[in-house]
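Now for the letters of each chain:
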Amino acid sequence: MINVVTGIGWITQREYGCVRRKLRKSYSEMKSLRTDLQGELLFSYPVKGFGRFDRVSQMTCCVTALAFHDAGMSYAQDRKQDIGIVGTNSDGCLQANLDYFNDFVANGRSLGRAKLFVYTLPSIPMSEAAIYFQCQGPLLYMTFPIRPVASLLRQADRMILQGESTAMLAVSASEEDAQCFMMRRADDVSGEQVFRIEKVIEIAERGSPVGEMIAALANL
Amino acid sequence: MPPAVEGRGVQLAGIETVVVAFDVVSPYGWGVESCWEGLFSGNTAIRRFDRFSTESLRTDKAALVSGLDPNADETLVMQMVRPLIERSISAIPTDALLLLATTNGEIDVLERSVLHGTPNANGSCPDHLASKIQDLCGLHEPGLVVSAACASSSAAVAQGAAMIRGGDRDCVLVVASDNVSEFVAAGFSSLMALDKDVARPFDKSRRGLSLGEAAAFVLLMSDERASREGRPALAEIAGWGLASDANHITGPSRDGSGLALALRKALQMADMPAQEVGSISAHGTGTEYNDSMEMKAFKSVFREKSLPTYSVKGGIGHTMGTAGLVDIIVAIETLREKAVPPTVNLRDVDDEAVGWASPEPRACDGAVTVSTNSGFGGINCAVALRARQ
Numbered sequence: 000m001i002n003v004v005t006g007i008g009w010i011t012q013r014e015y016g017c018v019r020r021k022l023r024k025s026y027s028e029m030k031s032l033r034t035d036l037q038g039e040l041l042f043s044y045p046v047k048g049f050g051r052f053d054r055v056s057q058m059t060c061c062v063t064a065l066a067f068h069d070a071g072m073s074y075a076q077d078r079k080q081d082i083g084i085v086g087t088n089s090d091g092c093l094q095a096n097l098d099y100f101n102d103f104v105a106n107g108r109s110l111g112r113a114k115l116f117v118y119t120l121p122s123i124p125m126s127e128a129a130i131y132f133q134c135q136g137p138l139l140y141m142t143f144p145i146r147p148v149a150s151l152l153r154q155a156d157r158m159i160l161q162g163e164s165t166a167m168l169a170v171s172a173s174e175e176d177a178q179c180f181m182m183r184r185a186d187d188v189s190g191e192q193v194f195r196i197e198k199v200i201e202i203a204e205r206g207s208p209v210g211e212m213i214a215a216l217a218n219l
Numbered sequence: 000m001p002p003a004v005e006g007r008g009v010q011l012a013g014i015e016t017v018v019v020a021f022d023v024v025s026p027y028g029w030g031v032e033s034c035w036e037g038l039f040s041g042n043t044a045i046r047r048f049d050r051f052s053t054e055s056l057r058t059d060k061a062a063l064v065s066g067l068d069p070n071a072d073e074t075l076v077m078q079m080v081r082p083l084i085e086r087s088i089s090a091i092p093t094d095a096l097l098l099l100a101t102t103n104g105e106i107d108v109l110e111r112s113v114l115h116g117t118p119n120a121n122g123s124c125p126d127h128l129a130s131k132i133q134d135l136c137g138l139h140e141p142g143l144v145v146s147a148a149c150a151s152s153s154a155a156v157a158q159g160a161a162m163i164r165g166g167d168r169d170c171v172l173v174v175a176s177d178n179v180s181e182f183v184a185a186g187f188s189s190l191m192a193l194d195k196d197v198a199r200p201f202d203k204s205r206r207g208l209s210l211g212e213a214a215a216f217v218l219l220m221s222d223e224r225a226s227r228e229g230r231p232a233l234a235e236i237a238g239w240g241l242a243s244d245a246n247h248i249t250g251p252s253r254d255g256s257g258l259a260l261a262l263r264k265a266l267q268m269a270d271m272p273a274q275e276v277g278s279i280s281a282h283g284t285g286t287e288y289n290d291s292m293e294m295k296a297f298k299s300v301f302r303e304k305s306l307p308t309y310s311v312k313g314g315i316g317h318t319m320g321t322a323g324l325v326d327i328i329v330a331i332e333t334l335r336e337k338a339v340p341p342t343v344n345l346r347d348v349d350d351e352a353v354g355w356a357s358p359e360p361r362a363c364d365g366a367v368t369v370s371t372n373s374g375f376g377g378i379n380c381a382v383a384l385r386a387r388q
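Order-wise, the sequence lines are chains X and E. Just so we're aligned: 9 in numbering that gives the first Met the number 0 is position 10 of the first sequence, and the numbers increase by one with no gaps anywhere. Just so we're aligned: 200 in numbering that gives the first Met the number 0 is position 201 of the second sequence, and the numbers increase by one with no gaps anywhere.
Bear in mind the hints are in silico, worked out from the structure with no lab data behind them. Be careful, since some hints might not be right.
Facing chain E, from chain X, some residues (calculated, C-beta under 10 Å) [stated by the list, open to error]: (1) TYR99; (2) PHE103; (3) PHE116; (4) TYR131; (5) GLN135; (6) LEU138; (7) ARG153; (8) LEU160; (9) GLY162.
With a cut-off of at most 30 Å between alpha-carbon atoms, the simulated DSS-like pairs for lysine-lysine come out as follows [to be verified]: (10) LYS198/X with LYS24/X; (11) LYS114/X with LYS295/E; (12) LYS337/E with LYS298/E; (13) LYS203/E with LYS298/E; (14) LYS295/E with LYS47/X; (15) LYS195/E with LYS114/X; (16) LYS198/X with LYS21/X; (17) LYS30/X with LYS114/X; (18) LYS47/X with LYS30/X; (19) LYS295/E with LYS203/E; (20) LYS203/E with LYS114/X; (21) LYS203/E with LYS304/E.
The model shown is predicted, which means the values in this text are computed figures rather than measured ones. Beta carbons: idealized from backbone N, C-alpha and C, even for Gly.
With the hints as extra help, turn the sequences into a complete structure.
Take a look at the structure:
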């Protein structure tokens with residue numbers, strides 16, 4: 000059994016897009032990115048509480064919407080799917096931790112703010128995506144010290160091969176950029192243009208910035 | 000050789016993963032024996048503490064590891080992890096892959112940065128801790144961090160076992176630690192999740208969790224390597240399952256369907272019918288919703304009869320990222336000792352848990368047990384453990 004990548008979404012500081020559908024657009028700020036995705040129906044229904052998400056959660060939800068769109072997959076708020084999410088980045092939830100604790104100290108160390116505290120776990124961005132897209136598969140955050148995106152893809156690949164899920168979203172998201180790969184079993188995908196997992200990993204191995212990696216993937 | 004997961008056409012190398020070493024420091028003291036005896040004593044390690052001001056918190060009680068110094072140069076987590084590893088260093092091969100499980104890592108680095116202006120708040124990022132542990136163990140390669148909220152360490156065990164089962168590695172060291180901090184205490188206080196007194200898992204009067212701290216490690220090996228090196232196989236990681244509630248960012252799914260799915264996946268992977276399971280190590284935080292959710296999940300999976308079920312959190316509090324590893328270690332001991340500990344602080348068993356949880360220790364003869372954990376964001380993890388003769 001082999002797995003394939005059926006959709007790739009990406010976001011840089013000023014652009015976003017999908018690889019298979021050759022989508023590339025500009026945006027000015029997170030608010031306009033969300034508006035664009037809603038307008039294009041990449042968010043099929045409103046993302047409840049999006050405005051209170053921390054930045055990494057916002058990036059994760061947006062790039063996951065792009066990956067779903069690129070993969071031609073639908074989702075619905077009343078239909079759970081066997082899709083897992085594994086995520087990575089370089090600094091966990093450092094900014095969310097600082098935001099929460101600075102606020103706590105500024106308020107005299109008397110009470111933490113729950114709406115900031117909830118984001119002080121590196122796995123929360125993936126959980127926000129799981130809630131919105133109704134993904135009930137495995138969910139975890141991992142760091143990979145060497146070639147993180149390639150290692151992330153291998154991790155997602157292995158999780159499908161070992162039967163932990165029938166599909167996985169592999170997300171690398173920071174405050175500045177994000178990429179999301181929809182990975183599925185080849186047997187579950189028919190007649191669709193897909194990316195062979197080994198080719199995607201080969202490109203990811205180069206360790207290029209997001210923009211360069213997306214350009215290389217677009218040429219596959 | 001474990002069969003492929005039915006209906007999924009999965010190709011597995013089929014290598015069995017065994018636990019060959021473990022250790023823990025908990026609020027009951029150093030070593031597995033201290034933790035085991037502490038639980039069986041029925042006495043709680045949750046008590047008043049003064050590590051930081053609790054004036055504005057919902058509680059002034061938590062379960063702390065004795066002797067840690069919050070003013071030392073070394074972080075609280077490293078004050079637990081360093082001696083723990085040092086006392087077992089000869090058992091840890093230098094080619095082991097490190098998986099570090101934690102929710103907040105060395106959070107005191109960040110606290111000091113904000114409170115006292117010390118530089119490098121990014122030193123609190125968990126990969127820094129992983130690097131320290133790599134050096135401490137003399138490991139050849141850098142480790143990975145696994146974070147899945149309060150299911151972090153059981154998820155790490157699952158992924159470690161997956162790497163071995165798939166033939167990628169033959170030795171994985173899972174290390175977990177989190178400490179009681181003002182950062183976390185204030186946060187849980189704001190969520191109204193803390194019991195004002197002590198956590199009472201599965202009790203009718205339960206009102207929340209109690210914080211705790213711990214450090215633990217488990218050394219996983221392929222069965223083949225363990226045999227070759229003459230290491231005793233303490234238990235087998237027979238199967239695991241992770242599933243997301245996809246419901247709410249802090250509250251568990253009320254019907255327990257996410258945890259039930261994780262349990263079924265674990266049993267399916269282990270090729271184990273539910274009837275073979277002899278006991279359950281529950282997450283059992285002591286919150287109204289978690290404990291209720293777990294009982295619903297257990298009853299939906301284990302339909303034939305109630306099973307001896309226990310939680311350690313009345314004894315040692317909720318140790319966050321370490322909870323799963325402590326649970327797995329205690330669960331392995333239940334297989335060896337053929338007994339399950341009492342659920343400390345449980346007095347009046349909730350109607351949903353009657354026949355399952357108990358304030359008394361119980362004999363338990365089964366060769367199989369499951370350990371479950373759930374966390375913020377709706378993460379659920381179940382690990383099935385099989386005794387080895």
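| request: Hint by hint, work out which the structure violates, then give me just those numbers in ascending order. | output: Of the numbered hints, all hold.
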